[in-house]
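Undergrad: The primary structure of each chain is shown beneath.
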Amino acid sequence: MSDTAAAHEAPTSTGIDHKKLIMWLFLASDCMFFGTLISTHLLYRKLYPAGFTDAEGHQRFIQNLFNIELTSFSTFILLMSSFLMALAVSAMHKGQIKSFRRNVLGVIFFGLIFLGCQVFEFTHFYHQGLTIQNSVLGSTFYVLTGTHGTHVAIGVLWLILMYFYSFTGKLGGHMGALDVEVAGLYWHFVDIVWIIIFTAVYLVEYLGPNGIWGSGLPAVAK
Amino acid sequence: MSHDSHHAPVACKTELAPERSDLGLIRPDRSTGLIDWLTTVDHKKIGILYGAFAMFYFLVGGVEALAIRTQLARPDNDFVTARMYNQLFTMHGTTMIFLGVMPLSAAFFNFLVPLQIGARDVAFPRLNAFSLWTFVFGAFVLNASWFFEFAHLAGWFNSFEWHKALVYTDFAPANGWFSYAPLSGTFGQNGQALRFTGVGTDFWIIGIQVLGIASLAASFNFICTIINMRAKGMTMMRLPVFTWMTLVTAVLIILAFPAITVALIELMFDRAFGANFFNPSSGGQPVLWQHLFWIFGHPEVYILVLPAMGIVSEVLPTFSGKSLFGYPIIVFSGAVIGFLGFAVWSHHMFTTGLGPVPTAAFSLLTMAIAVPTGVKIFNWLGTIWGGRVRFTPPMVLALGFIWMFMCGGFSGVMHSSAPADSQQQDSYFVIAHFHYVLLGGVLLGLMAGLYFWFPKIFGRMPNAPIAYIASGMVILGFNLAFGPMHYLGLAGMPRRTHTYHAGNGWETWNFVATIGAYILGLGVFLAFVNLVWTAFRGKKCSNDPWDGRTLEWSLPSPVPEYNFAQAPIVAARDAYFEDKHGGKRIGTENDGGEAGVHMPSQSWMPLLASAGFLFAGFGMPMMAMGIPHAGWIVISGLGVLFIGIWLWALEGPGGYMLKTPAASGTPAPTETVAH
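Quick note, the sequences are listed as chains A and B, same order. The opening position of the first sequence corresponds to residue 1 in the numbering used here, with each subsequent residue numbered one higher. The opening position of the second sequence corresponds to residue 1 in the numbering used here, with each subsequent residue numbered one higher.
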């Protein structure tokens, strides 16, 4: 309805659209959400620097487990997806719907590559002996990165629905651009969170010969 | 502007052509009846529903409390079993906090915030309905545990295989409202996930998780509404204090709830999938649960109390005939309380052995939080000072709030001293303290709000003599019930024990406390009966019976669904009061025009999406019970949630134009004032 659109373009007190403001508020809340998960992981890394014990009873160090090249690749892919998302938002603002579709397809594709890498990584780690059940490290690692993966999956689902919706011709104008921009805010946030996870969970393990947490025996003998 | 103009007929929604969504679904358009209440997006109706559910759960939690007090009335009592006692105090705390106080505060947020800021609705009307129904279903899941418990006690489950396999059969939660790990968690290595407790804990986990989603969604909505939908001239420092406290509360919710969300996810992974977050046999640290819980739990205390402080800050000036003393400092104190609320959580954990430095730091910060609270108390006293005080029922309750809340504050400062706290920990002294804050403080504040705004909500005045009697019974019964607990606690009576032996010197005061609890319970019940009767049969009253100060009193009672026929323009704090008794302070915006006011359409989708939580919420404890195929209930619930959100997005906000009296003929005042 035309008057619906009119009502939604009614000026707000701050000049910021409701949808954009509520997404920022959600992201503020999500910061605390990931902050709690990352804190849990880091606290337990500090407490138990030695890694985990696999099914054969061998002590395993986390550097032997991680495939940092693969994770760097998927991090790069996710960063590039953010770049494409920015292009998609920009295209939508200019009303270039075809360019929007191309770019958003790219975002979806890159998002799926990232998720594929994560599935591969989880499977690989599982076969290496790290499970959610056999150690605190397994619990914190899988729940933290899995929660992030769920965020990415929700973003991919959102963008797929948006991509198909664009063919109905109803995704356009100021409101359409706003909807895409809000999805973009979410996507960029999820990307930024991954940069933090990649740094705090993966990269710091390579600082110094034994990682930032040191090595040696577990703080509490099993 | 003249209020007579509002009595002109307005266009009925059903006279318009039925509205179809993009999928061809016809949207509901009833303005009365069950379908209307199920699909409404009107913030006032949602507020009334929140209030009705909250009052119901207050009574449920009250019955649980009375069962506890009956058990403790005399030594070595066997009114309930030890297990039932644990379930009662767990569900009492959880119910009162999450299903009583928070939704009743939400009822006030919903009803008042748009009216106080001069808006026609909240920023996201359908999201608001979603918050309501998600709360309703979360509450239902949590309380459904009682039905499982009673079915188990009655032996209805005995023939089922899954029931025989259960080691622990406490179907209602029995961990306390904090569900401390490892009791709520698991033990055993390599994913054995042996549990200390039964599926009651799983009901609790999923129930709180769903209620958290409801609170988060509502808070995003209200921050957005307050920041973005203020009328022209309604600057932040002209906002009514209640709206300010709503804003602070909502910010606390969005920043504090993620901690409990993550903690619940981790606990769920421990119990359902054998993870090791809090499992001590595999290196998990149960104390982490305490930290995560109280990082949420302490701000939660302010989430409960700040709305009541906001209500009191509206009631006191109205009945003192004076403006609020030190408005900016009251607002600032509220914000400081909210901020400091995040930095004091470990004062709940002094006895866990944090070490001297953190203990001292948390001790100091806890003492610091008494400063803004004291500032508020003095400002309220300054408001009454020299005023022409009218002792109406809301005023009596608000004065009771100040008195009781101060008592709770004094014992709170005692707890902030770590050495003293380590003596008081887990004793009845703590029970006395937080009931003085949460019951003497919050409940009296909320009751003051109910009596204050009921005439606005329903256009009917509650019966004053009954209101005075009920208020007197609540204040008397409350002090009789919880005053002696200070003594009992210092005399060594521990919390959470289902009985005590004679000869400890606790008999007399426990008996007195039980009598007090019954007086209190009857008082609350009487007050609620009075209010419910008022809603349907009370004496009609004028639009502004209290000589109110804020914008909602400028509207007819009950408030028409479009709120403001023309958007107001305000030029002062307490603009309506100034407008009545001083110069012109309220103008109107000529925004309606001939088309009328734009109203959002009703929708089934929020209810449908929330219903997904109902299925998922039931399915997860049933999975934990080992009921076959229960996993499909969870999956179908998540499917319903997805479909609900998807259809919600596709149908769009919709909307129709409603002709207001001003637009349909009566000349509208169009003058504006400088601001």
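A hint or two may mislead.
Said to hold, decoys possible - Okay, derived cross-link-like pairs now, DSS-like style, lysine-lysine, Cα gap no bigger than 27 Å in a straight line:
{"#": "1", "chain 1": "B", "residue 1": "Lys164", "chain 2": "A", "residue 2": "Lys19"}
{"#": "2", "chain 1": "B", "residue 1": "Lys322", "chain 2": "B", "residue 2": "Lys584"}
{"#": "3", "chain 1": "A", "residue 1": "Lys19", "chain 2": "B", "residue 2": "Lys45"}
{"#": "4", "chain 1": "B", "residue 1": "Lys232", "chain 2": "A", "residue 2": "Lys20"}
Unchecked claim - Residues of chain A placed beyond 10 Å of chain B at every Cβ, according to the derived structure:
{"#": "5", "residue": "Met32"}
{"#": "6", "residue": "Gly35"}
{"#": "7", "residue": "Thr40"}
{"#": "8", "residue": "Phe61"}
{"#": "9", "residue": "Asn67"}
{"#": "10", "residue": "Leu79"}
{"#": "11", "residue": "Lys94"}
{"#": "12", "residue": "Cys117"}
{"#": "13", "residue": "Gly138"}
{"#": "14", "residue": "Gly176"}
{"#": "15", "residue": "Ala177"}
{"#": "16", "residue": "Ile195"}
It is worth saying that the hints were derived from the structure and are not from the lab. Just so it is clear, the structure is predicted and the values come from calculations on it, not from any experiment. Just so you know, even glycine gets a beta-carbon here, dropped at the ideal spot from N, CA and C.
Undergrad: It remains to establish, for every hint, whether it holds in the given structure.
TA: Against the structure, the hints:
With a C-alpha separation of about 51 Å, the suggested pair B/Lys164 and A/Lys19 falls outside the 27 Å cut-off, and the hint is violated. Between B/Lys322 and B/Lys584 the alpha-carbon distance is near 18 Å, which keeps this suggested pair within the 27 Å criterion. A hinted pair counts as satisfied when its Cα atoms are at most 27 Å apart, and A/Lys19 with B/Lys45 qualifies at roughly 23 Å. Distance restraint check for B/Lys232 and A/Lys20: the Cα-Cα separation of roughly 21 Å lies within the 27 Å cut-off, and the hinted pair is therefore satisfied.
With a least beta-carbon separation of about 4 Å from chain B, A/Met32 fails to lie farther than 10 Å from that chain, contradicting its non-interface assignment. With a minimum CB-CB distance of about 8 Å to chain B, A/Gly35 fails to clear the 10 Å threshold, and the non-interface call is violated. Annotated as non-interface, A/Thr40 brings its C-beta within 10 Å of a C-beta of chain B; the closest such distance is 7 Å. Distance to chain B confirms A/Phe61 as a non-interface residue, since its nearest Cβ pair spans about 16 Å, more than 10 Å.
The beta carbon of A/Asn67 is kept farther than 10 Å from every beta carbon of chain B, the shortest such distance being approximately 23 Å. Every CB of chain B is more than 10 Å from the CB of A/Leu79 (nearest about 25 Å), matching its label as outside the interface. The Cβ of A/Lys94 sits about 24 Å from the closest Cβ of chain B, beyond the 10 Å cut-off, so the non-interface label holds. Every Cβ of chain B is farther than 10 Å from the Cβ of A/Cys117; the closest lies at roughly 23 Å, confirming the non-interface assignment.
Not every beta carbon of chain B lies more than 10 Å from that of A/Gly138, the smallest distance being close to 8 Å; the non-interface claim is violated. Even its closest Cβ contact with chain B, about 12 Å, leaves A/Gly176 beyond 10 Å, as expected for a residue assigned away from the interface. For A/Ala177, the requirement that its beta carbon stay farther than 10 Å from each beta carbon of chain B is met, with the minimum near 16 Å. The claim that A/Ile195 is not at the interface with chain B holds, since no C-beta of that chain comes within 10 Å of its own (minimum 19 Å).
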